[in-house]
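Novice: What follows is the residue order along each chain.
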Amino acid sequence: MSVDRDTVRRIARLARIRVEEDELEPLAGELSSILGWIEQLGEVDTSSIPPMTSVEDMEMKKRPDVVSDGDCVEDILANAPEREGNFFAVPKVVE
Amino acid sequence: MSDLTKLSLAEARDALRRREISAVELTEAYLDAMAAGKALGAYVAETPDKALDMAAESDRRLSSGQPRPLEGLPIGVKDLYATRGIHTQACSRILDGFRPPYESTVTANLWEDGAVMLGKLNMDEFAMGSSNETSCYGNVVNPWRASGSGDPLTPGGSSGGSAAAVAARMCAAATASDTGGSIRQPAAFTGTVGLKPTYGRCSRWGMVAFASSLDQAGPITRTVRDAAIMLASMAGHDEKDTTSANVPVPDFEAALGGDLEGLRVGIPREYRADGMPAEIDELWQRAAGWLEERGAEVMEVSLPHTKYALPAYYIIAPAEASSNLARYDGVRYGLRVAGDSIDEMYENTRAAGFGAEVRRRVLIGTYVLSAGYYDAYYLKAQKVRALIKRDFDEAFGQVDLLLTPATPSPAFPLGSMSGDPLQMYLNDIFTVTVNMAGLPGISVPAGFSSDGLPLGMQLIGKPFDEATMLKAAAHIEEAAALDLEPAPWWKELS
Numbered sequence: 032m033s034v035d036r037d038t039v040r041r042i043a044r045l046a047r048i049r050v051e052e053d054e055l056e057p058l059a060g061e062l063s064s065i066l067g068w069i070e071q072l073g074e075v076d077t078s079s080i081p082p083m084t085s086v087e088d089m090e091m092k093k094r095p096d097v098v099s100d101g102d103c104v105e106d107i108l109a110n111a112p113e114r115e116g117n118f119f120a121v122p123k124v125v126e
Numbered sequence: 276m277s278d279l280t281k282l283s284l285a286e287a288r289d290a291l292r293r294r295e296i297s298a299v300e301l302t303e304a305y306l307d308a309m310a311a312g313k314a315l316g317a318y319v320a321e322t323p324d325k326a327l328d329m330a331a332e333s334d335r336r337l338s339s340g341q342p343r344p345l346e347g348l349p350i351g352v353k354d355l356y357a358t359r360g361i362h363t364q365a366c367s368r369i370l371d372g373f374r375p376p377y378e379s380t381v382t383a384n385l386w387e388d389g390a391v392m393l394g395k396l397n398m399d400e401f402a403m404g405s406s407n408e409t410s411c412y413g414n415v416v417n418p419w420r421a422s423g424s425g426d427p428l429t430p431g432g433s434s435g436g437s438a439a440a441v442a443a444r445m446c447a448a449a450t451a452s453d454t455g456g457s458i459r460q461p462a463a464f465t466g467t468v469g470l471k472p473t474y475g476r477c478s479r480w481g482m483v484a485f486a487s488s489l490d491q492a493g494p495i496t497r498t499v500r501d502a503a504i505m506l507a508s509m510a511g512h513d514e515k516d517t518t519s520a521n522v523p524v525p526d527f528e529a530a531l532g533g534d535l536e537g538l539r540v541g542i543p544r545e546y547r548a549d550g551m552p553a554e555i556d557e558l559w560q561r562a563a564g565w566l567e568e569r570g571a572e573v574m575e576v577s578l579p580h581t582k583y584a585l586p587a588y589y590i591i592a593p594a595e596a597s598s599n600l601a602r603y604d605g606v607r608y609g610l611r612v613a614g615d616s617i618d619e620m621y622e623n624t625r626a627a628g629f630g631a632e633v634r635r636r637v638l639i640g641t642y643v644l645s646a647g648y649y650d651a652y653y654l655k656a657q658k659v660r661a662l663i664k665r666d667f668d669e670a671f672g673q674v675d676l677l678l679t680p681a682t683p684s685p686a687f688p689l690g691s692m693s694g695d696p697l698q699m700y701l702n703d704i705f706t707v708t709v710n711m712a713g714l715p716g717i718s719v720p721a722g723f724s725s726d727g728l729p730l731g732m733q734l735i736g737k738p739f740d741e742a743t744m745l746k747a748a749a750h751i752e753e754a755a756a757l758d759l760e761p762a763p764w765w766k767e768l769s
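Chains as they are written, first to last, in our numbering: chain P, 32 to 126; chain V, 276 to 769.
Just so you know, these hints were derived from the structure itself, not from any lab. All residues carry an ideal CB built from backbone N, CA and C; glycine is no exception. It cannot be assumed that every hint is accurate.
What the hints assert, rightly or not - Computed list of lysine to any residue pairs in SDA-like fashion (alpha-carbon distance at most 25 Å, straight line):
#, chain 1, residue 1, chain 2, residue 2
1, V, 664, P, 70
2, V, 664, P, 109
3, V, 658, P, 123
4, V, 313, V, 691
5, V, 582, P, 71
6, V, 737, P, 85
7, P, 123, P, 109
8, V, 664, V, 579
9, V, 582, P, 81
Stated by the list, open to error - Derived Cβ-Cβ restraints for the label pairs, each shown as a range:
#, chain 1, residue 1, chain 2, residue 2, range
10, P, 123, V, 343, 51 to 57 Å
11, V, 487, P, 78, 25 to 31 Å
12, V, 522, P, 52, 52 to 58 Å
Stated by the list, open to error - Some chain V residues near chain P, calculated using beta-carbon distances under 7 Å:
#, residue
13, 616
14, 620
15, 638
Bound-form chain V, shown alone:
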């Protein structure tokens, strides 16, 4: 076989089990792709020795005929998952030098199932950003370029490294995390599949916390089937996370296939945002048509509080972040900058360790939680959040799934929005409602913009019904039938 990195996760799994390829060969192919892809900036730490050891163990298990579900499959890990003894910084200077003495539950589940770790992937600092430009390691570059242009585009954020590495075939799949759109927006910008599971589906234990009531782990993959395979291994109840749901994990891959007879799909009219590019609106209608052709019934629904989700999010997420990030004090781990008193040491450490966006959000969060403002901001936002959730509950009385665009635009040029925080926040307009209501959402590539950039559609499911969402997403993927391999221009630069 020529280039093993061209195989999807499912194809590689099947080829390994048929013993047509070895896990070591597959891992070496990815390590070569990583070496040739440094210009993209997707990895912040590479673990080739560990990868080859894990792959050798996988080959032993494969030859003994007892492969585990992800046996020998090379995976990249977002830098916010704690990996024992290995670089874990959530791409923040404040965690300089941190090597966790423990492993996150999600990554432990993946290694338990036989996956091979290639390294840690770049991201916005503490997952705060929509362009991967807030990382202390610098931005990631999108493997996709607009037709006829060499201008570097953002891969999206915060899981920009995960999305770029999957799109550029520098890992077979990646872990990511989503607080307001951080899996789905970068997936949409890179022609990959991004799945944000129901809140509680995956354990948050060992993930660097941003906003605990919104954060959720999920995969970025090349295909819908690959997302189903990854989720099955990542998910599961965990005693160590009180918000982890004690519900059965279905065989998501087995749920794929069959037509959509009897499925009711809602189109939320409030998502028809002012100024939405015509090509995105057209793609949305085309995707609805594909689902109808395959048996689904498509109808309009209303989610009246949609426009308030983003402003409410920008109270709740910074408030929770200011609280979660209080632990970075220069005492127990990470960066310390000296000061004459302990308070001065805290202040100097946090000034040097946090980047501009993280500082901005910690300050907003501190403000909205400060004495006299709690009711006006945080409590108000949690009430609006209850209304957003109620909108979804009512819509799901009529339909099984919702179909929306994933993003209001294709990938934008690096640097074009970094000076305007509010403009950047609007990137999450279609994704953030899902986090506010704790629902599962998936972004699936559905077409290209007029200048050749990938565009994603989002499906939103009922709580813990990722299976139906994946099944419908696979139909969109099949109907769109896109060639999602970007031309590897970066190999000439590395």
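In isolation and in its complexed conformation, chain P is listed as follows:
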């Protein structure tokens, strides 16, 4: 599978990573060579194989639905790049 500039631009947008115009071409080349190498999986017949969901057969653990933690606003906000009162602050999203 060959990846072109437009595809790199599209997935970079999906991944929310800004990529400069002059980086699109080299990235397209790198991704194409990695995806090309991955193509060899096509040789494996998996038509009757269910996909793996867990390496060990383990029953999903469930914990009681009770509050076990909390009341630590300062801890949660301690690393915030920007805060206002007890909130994380971000650029304006609604006019």
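On the provided structure of chain P, position chain V as indicated by the hints.
Specialist: Just chain V, lined up with the frame of chain P:
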């Protein structure tokens, strides 16, 4: 006693309990070694005050005759374990300034057992790399050099700081983590022991996530016995990690010793890779011979889907990484780079915060998970993964352990592969299958290359049977009888 850093973890533990040395003396010896070892770049944050406080508390407990299992033993911590109030960045710029308000379960277990924290260890950014060259702090240098050469070699990755610090006697043992080989490959490159436990053996809570279905915590140590001691403290069930296994943690150290009578060891024929250096193939046969001499029965087995493990891994790991790394958005912690809109802020932050390899993997992961490609890539890879697991299940019907080389080469020069991502990925060819199947694996030093660099052998065990693996690894260690202390050239540079 002259240089306390020469003691293994087990020897230091025993000397502390006999009160021949104090925990503060031992910690000071390591702090001196760290100060003299800065040229290696192994530590990204040092915590000497905390270390000395913890050591003083250990001395009180030792004198009251109630030492905990790791009482007073100085340990280095890979930078991806959250340590309360202390530098935790997984060596990424995007976590600039992050100080977690919580402690990872694995490190909490170690402190609970009396270990002393020396600092945080360098690693590839978000554990994505095989040479420690993707760290935002720059690479680590391997304490080993090829005979007659001063060229700097990679310590391997991603746990390059952990491996180098253990090899250079700058900590008694270290925590590390392994998603595709990140414990075992650096251990093999530095003449140390690297243990990747069964998936679920150690809690992942508080570890910076890379690929959640593959990540597992484990130790890097100087000896197999030390690995057994570390694992016993690191392991255990944790309510906070749903994939943590609720199984008993055996006394791994007590499992060491005795011969290997009745043990069946498989040699997977598909691991005889094209172009494998003759010296690695010879060492492999020699190691099989050592196990046979000690009572094991060695036989060839087949793992037919081996060659597909690495390409399947390079779908699954980036896919999970792209999802896990979505949390780095400049809002709640770490780096923020301003933008006119919130989307622009996200994009600017992530462009500035992620290095080239992390960006490459997030883009691949985003691509394979994007609309229309999920079945062709991710689902296909998970089916291949089921076949890889089935290969192992069938092999373990015939044998108890598998023996393979740990890496396809000894440590390579820094810079020699960083321009070619695919070539770099092939470093994990012998280790990645183990993560795909969730099995335990250990790399143990078994010999030297013709130019004097350490080479490791890998043993792969059945799920939750680390004990048998450790026992056999100790036999390889004993039979090899190597001098694994590199000449301390770095002390002249610091």
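Novice: None of the hints should be skipped; say for each whether it holds.
Specialist: Verification of the supplied hints:
1. V:664 to P:70: holds (20 Å)
2. V:664 to P:109: Not satisfied, since the Cα-Cα distance of roughly 43 Å exceeds 25 Å.
3. V:658 to P:123: Between residue 658 of chain V and residue 123 of chain P the Cα gap is close to 44 Å, so the pair fails against 25 Å, i.e. violated.
4. V:313 to V:691: Judged against 25 Å, a Cα distance of about 23 Å means the pair holds.
5. V:582 to P:71: holds (9 Å)
6. V:737 to P:85: holds (16 Å)
7. P:123 to P:109: Since the Cα atoms of residue 123 of chain P and residue 109 of chain P sit roughly 22 Å apart, the hinted pair holds (cutoff 25 Å).
8. V:664 to V:579: holds (11 Å)
9. V:582 to P:81: Within the cut-off at roughly 20 Å; holds.
10. P:123 to V:343: 51 to 57 Å: holds (53 Å)
11. V:487 to P:78: 25 to 31 Å: holds (28 Å)
12. V:522 to P:52: 52 to 58 Å: holds (53 Å)
13. 616: holds (6 Å)
14. 620: With a closest approach of 5 Å, the residue 620 of chain V hint holds.
15. 638: holds (5 Å)
Consistency note: the structure conflicts with the earlier hints numbered 2 and 3.
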